Each structure stands twice: as structure tokens, then as C-alpha cells.
Amino acid sequence: MSAIGDRKRVTPLTRLIRPLPALIALGAFLGVWELYVDLGGVDPLVLPAPHAVASALYTDRGLLWSNLQTTAGEILAGIALAISIAFVLSVTIHLSRTARRALLPLLIASQTLPIVIVAPLLILWLGFTFVPRLLVISLVAFFPLVVTTLDALDAVDPDMLKLMRTFDASRLRTFRHIELPAVLPGLFTGAKLAAVFSVIGAVFAEQAGATHGLGYLLTIAINQFLVPEAWAAVTVLSMFAIALYALFTLLERRVVPWAHQPKGEPV
Amino acid sequence: MPAKGVTTTTIEAPAQERPPVAGGGLVEIQQVVRSFRGRRGEVRALDGVSLRVEPGQIVAIVGPSGCGKTTLLELICGLQKPDRGMVNAAPAALMPQRDLLLPWLSALDNAALALRARGVPRAQARAQGAPWFSRLGLEGFESSRPHELSGGMRQRVSFLRSLLAGKPVLALDEPFASLDALTRAEMQSWLGKMLLEEPRTVVLVTHDVEEAVLLGDRVVVMSARPGRVTADLAVALPRPRHRTEPDLVALRGEALKALGVRE
Numbered sequence: 081m082s083a084i085g086d087r088k089r090v091t092p093l094t095r096l097i098r099p100l101p102a103l104i105a106l107g108a109f110l111g112v113w114e115l116y117v118d119l120g121g122v123d124p125l126v127l128p129a130p131h132a133v134a135s136a137l138y139t140d141r142g143l144l145w146s147n148l149q150t151t152a153g154e155i156l157a158g159i160a161l162a163i164s165i166a167f168v169l170s171v172t173i174h175l176s177r178t179a180r181r182a183l184l185p186l187l188i189a190s191q192t193l194p195i196v197i198v199a200p201l202l203i204l205w206l207g208f209t210f211v212p213r214l215l216v217i218s219l220v221a222f223f224p225l226v227v228t229t230l231d232a233l234d235a236v237d238p239d240m241l242k243l244m245r246t247f248d249a250s251r252l253r254t255f256r257h258i259e260l261p262a263v264l265p266g267l268f269t270g271a272k273l274a275a276v277f278s279v280i281g282a283v284f285a286e287q288a289g290a291t292h293g294l295g296y297l298l299t300i301a302i303n304q305f306l307v308p309e310a311w312a313a314v315t316v317l318s319m320f321a322i323a324l325y326a327l328f329t330l331l332e333r334r335v336v337p338w339a340h341q342p343k344g345e346p347v
Numbered sequence: 040m041p042a043k044g045v046t047t048t049t050i051e052a053p054a055q056e057r058p059p060v061a062g063g064g065l066v067e068i069q070q071v072v073r074s075f076r077g078r079r080g081e082v083r084a085l086d087g088v089s090l091r092v093e094p095g096q097i098v099a100i101v102g103p104s105g106c107g108k109t110t111l112l113e114l115i116c117g118l119q120k121p122d123r124g125m126v127n128a129a130p131a132a133l134m135p136q137r138d139l140l141l142p143w144l145s146a147l148d149n150a151a152l153a154l155r156a157r158g159v160p161r162a163q164a165r166a167q168g169a170p171w172f173s174r175l176g177l178e179g180f181e182s183s184r185p186h187e188l189s190g191g192m193r194q195r196v197s198f199l200r201s202l203l204a205g206k207p208v209l210a211l212d213e214p215f216a217s218l219d220a221l222t223r224a225e226m227q228s229w230l231g232k233m234l235l236e237e238p239r240t241v242v243l244v245t246h247d248v249e250e251a252v253l254l255g256d257r258v259v260v261m262s263a264r265p266g267r268v269t270a271d272l273a274v275a276l277p278r279p280r281h282r283t284e285p286d287l288v289a290l291r292g293e294a295l296k297a298l299g300v301r302e
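First to last, the protein sequences are chains A and B.
Numbering-wise, the first sequence is residues 81 to 347 according to our numbering.
Numbering-wise, the second sequence is residues 40 to 302 according to our numbering.
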């Protein structure tokens, strides 16, 4: 029973080395891109080189920052709404077979809606407000959340539920002690997926109707052939998505450390 | 009162006085039939099984795989209803084969789950569970997570959890089947000792004949599907028992013979 919860020790050196492969890959990618544009005879108006994008990033930093704040607010609110909806839906589906038969096909159908078309339709209906943008983002974000939370709920050991019955637990207490904690890892997995998808949703929503935000900025830049500026907006968006993903990963390790521990017996 | 075709054997030994079990603890099963709808039609798991376990008695049920042992335990625990026949059992808590400890709870909180299930507040449930840790040889591991415990310790926590349910009957479903032979032997002696200190009516399902004669006051042998009781052996040996005692070895042979195993 030695080696209890044995993990690799994190030293400052490993902390330094860990992101190295990712940085090297990114550097190589940017290097190839730079060389391709500089030496390949590509019109920089069509595809700007990384250095041009970097300079646009720097020049427009104030504009990008203020627009990021708008988009980030929409995305965070959209994910929060999506988490609430997904939680209620998956618990309902988990507990009721009728609800499963009634709702699951609708949920899948909701994901076949082409979001590019639905976004302007929603804005037409609800006007140039925060609400339709929030709905579009939630619509893209909630589906992975429903799938992962529902999977986590369905993975609860039926023998555990039997055991709770012999302990005279009410259905509510069984839910509170067994299913509710068991759902958390699924919720985090879903949230990480939602972080990525919601950024795409935000761009569609803002393209369809907004007066501020990175998606709006992106649309304007493309329309005015401000190609490096458009790439700069894309870069900020993807960096935001990565940051959000990292944030959820960090929270996940804090809140559900047991989901990442070895399940087998120590030797 | 054994049914027809059931052999009953007693090895003479002074019968032991067992302290009474709080809350009664009688388990009575009469002519129970239980079938399941399988892919290839109906499967009869239990076919006219009768069993009477007196309060405070430890009955070990042995039988080949698929003799309906788990079904029998679930009937006793009220998790299933018989198709025919009668089940009259005092409240029973299950101890499952797999420990089923929750990875997000400490050992103490896992044990206290049986109390939390009844709505006992967390602090009170923990206070009630904590003194047991030293009695069960678990002191110092109260705040350990399940993955930090050895297989034997996990089964101890699982046993404590079922004990804390406070039921007069314990239904143990092959509790040590997943352990290695050495740990299993150690846990069998441990369980024998625990049941002397903390008497309960116990229905112990096992496929380990040695475990059955080591722990049981009686060994009930069941046939393969459909499950029937084919032998009911009394084990009137003093406790604590040792697996090398000649009487115990003789009984073990008898139980094996009843199971149709030739040595």
C-alpha cells in the first residue's frame, strides 16, 4: 500500500517544459505560414503574414479589447444559460422514460438547425437586443452539455441505487448523495466543449445583428477588406476560447479531483 | 423444518449462545418462485426455495454460479418481489460484492452514507461512524479516499456502511470475492470476529465453501438453475474457528459433496 495516490512530482522545471511541445508546434505553424506568404508570392491582401496580423493586433488593441468584453459577456452568459438548461433537461430525461422519449429527438433535431440561418431569424423576431444573441450561443453550447451530463447520470451504477434503497433512502436523497455529485465530471466535460462551440455561436449571432463585439468587428473588417484586422479579431476569439477551456479545466481539477484519480486498486 | 430431499447433518458440539439481535431479525422464506424474462424465454432463478433464518443466526448460502443467490438476497432486502411464495424478513441492509464506495467521499463519509440516506445530518452521521474506525482496524484512515485504501480496507468500510444502516439483518453478497486469497482469509477471520461483537442475523452468499463453514451457523447448499435448496448443514462448532480444525475440514468436504464436487 505504498505509492498512495502517487503522482509525478511537479517541479519548476517540468512546469517550464510541459508547454514546450505546444509552443514549438505553434512556432512551426506560424513559421511556415510566414514563409509561405513572404516567399510564395501570395497577395498579402488575400492572406496576411503572421507579422501583419501581429501588428494589427497591436494597433487595434484598444478596439479589440473593448469588443472582446462585449463578446465575452455574451459567451459567459450563454454558457451559464446553457448549463442551466442542460442540467434541468438531462435530469428530467434521466428520471423519466417518457421525458426521454419525448425530449431526446427534439434535442437532436435542435442541433440540425443551421445556426447561420437561425441566427438572423431569431434577431428578426426578437430585435437587435442581447436576448437573441444569448439564445444563439446557448443553442450551440447546450447540446454537448446535455450529452455529457446525461451520460454521467446514466453511468451511475444501478447497484448503488439498490444499495441506497436498502438504506431506506428516498429518491430525493439518493439523487442528492449519488447522482448529483456523479453528474459534475460530465458537466465539466460539457462545459469545455461548450467553451469552444459558444465562440463560434457568438460570431454567427453578432454577424446576424449586433453593433459591437468581435463577431461584429470581424464582419466589418471583412466587408472593408481589412484582412489583417479580421485575422487579428479571429486570433483574439480563439485565444479567448482557449483561455475559457483552460479555466474550465482548472475548475474541474479543483471541484472534481476524484474524476481524475486512478480508479483501480493501488498495488 | 427441512423440505423433502434436503439432507440435514449436525456435527455434535456445544451449541453456542448468541446474544439477541435488536429489532428481531427473523428471515422466513417459503416456497418462493422467481423467474425472469430472458432473451430465450423465461428463466426460472428460484424454484420453490424455503429458508428460515432465526434471529442472530448466520446462514451461509453456497451454490454454483446462476443458482439465484443474488436474487434470494434481493428478495430478503425487499428489492424484488417473489412471483409465488412468501418472503417475510426483518429489515435488511445489503453489503454488495463490489465495495461501491463513492470516489468523492472520504472513508468516514462513505461509511456514514447509510445514515445520511436516512436524513441524519452530516456532522451527526460522521460522529456516529467515527468510533467504529478503530474497532474495525481502520483508525487513521477516516479521511482517506477510496482509491487510497487497499481492497481489504475498502471492504471493511463497505461492511461498516451496511452495519451503520442499523438493520437487524445483513445480506452479504460474496463480500470477499474480489479480494486476493491472502486478504480474503484475513477478512474472513475479521468478519467472524466482528459478527461475534456485533451480532446480526446474517445471510451470507458465497461460492467459497471454506468461507461458508468458517462463518456460518448453517450452510445451505443450492443447486444450479433453477435454484433449489439441496442441503442444509448445521455447523455447530465453537468460535472462533480455524480453517485447519478437523471437524471444519470434514464439514467442508461434506458441503463440497452436497455441491457435487468430488475431491
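Careful: at least some of the hints might be erroneous.
Said to hold, decoys possible - Derived list of chain A stretches under chain B, where covered just means 3 residues or more per stretch with a C-beta under 8 angstroms from a C-beta of chain B:
| # | region |
| --- | --- |
| 1 | 252-260 |
| 2 | 308-318 |
Claimed, not checked - So the derived label-pair ranges between C-beta atoms look like this:
| # | chain 1 | residue 1 | chain 2 | residue 2 | range |
| --- | --- | --- | --- | --- | --- |
| 3 | B | P170 | A | L241 | 27 to 37 angstroms |
| 4 | B | P170 | A | R256 | 48 to 58 angstroms |
| 5 | B | N127 | A | T172 | 52 to 62 angstroms |
| 6 | B | R78 | A | L93 | 32 to 42 angstroms |
| 7 | A | T329 | B | P170 | 52 to 62 angstroms |
| 8 | A | L201 | B | R78 | 41 to 51 angstroms |
| 9 | B | V82 | A | D234 | 40 to 50 angstroms |
| 10 | A | R256 | B | S228 | 13 to 23 angstroms |
Said to hold, decoys possible - A few chain A residues that face chain B, going by a derived Cβ cut-off under 8 angstroms, partial list only:
| # | residue |
| --- | --- |
| 11 | Y116 |
| 12 | T246 |
| 13 | F247 |
| 14 | D248 |
| 15 | G289 |
Quick caveat, the hints were computed from the structure, so don't treat them as lab data.
Computed from a prediction, not measured in an experiment: that's the story for all the values here.
Cβ atoms here follow ideal geometry from the backbone N, Cα and C, with glycine treated the same way.
Hints versus structure:
| no. | hint | result |
| --- | --- | --- |
| 1 | 252-260 | holds (count 4) |
| 2 | 308-318 | violated (count 0) |
| 3 | P170(B) x L241(A): 27 to 37 angstroms | holds, 29 angstroms |
| 4 | P170(B) x R256(A): 48 to 58 angstroms | violated, 26 angstroms |
| 5 | N127(B) x T172(A): 52 to 62 angstroms | violated, 38 angstroms |
| 6 | R78(B) x L93(A): 32 to 42 angstroms | violated, 58 angstroms |
| 7 | T329(A) x P170(B): 52 to 62 angstroms | violated, 40 angstroms |
| 8 | L201(A) x R78(B): 41 to 51 angstroms | holds, 48 angstroms |
| 9 | V82(B) x D234(A): 40 to 50 angstroms | violated, 26 angstroms |
| 10 | R256(A) x S228(B): 13 to 23 angstroms | violated, 37 angstroms |
| 11 | Y116 | violated, 49 angstroms |
| 12 | T246 | holds, 4 angstroms |
| 13 | F247 | holds, 4 angstroms |
| 14 | D248 | holds, 6 angstroms |
| 15 | G289 | violated, 44 angstroms |
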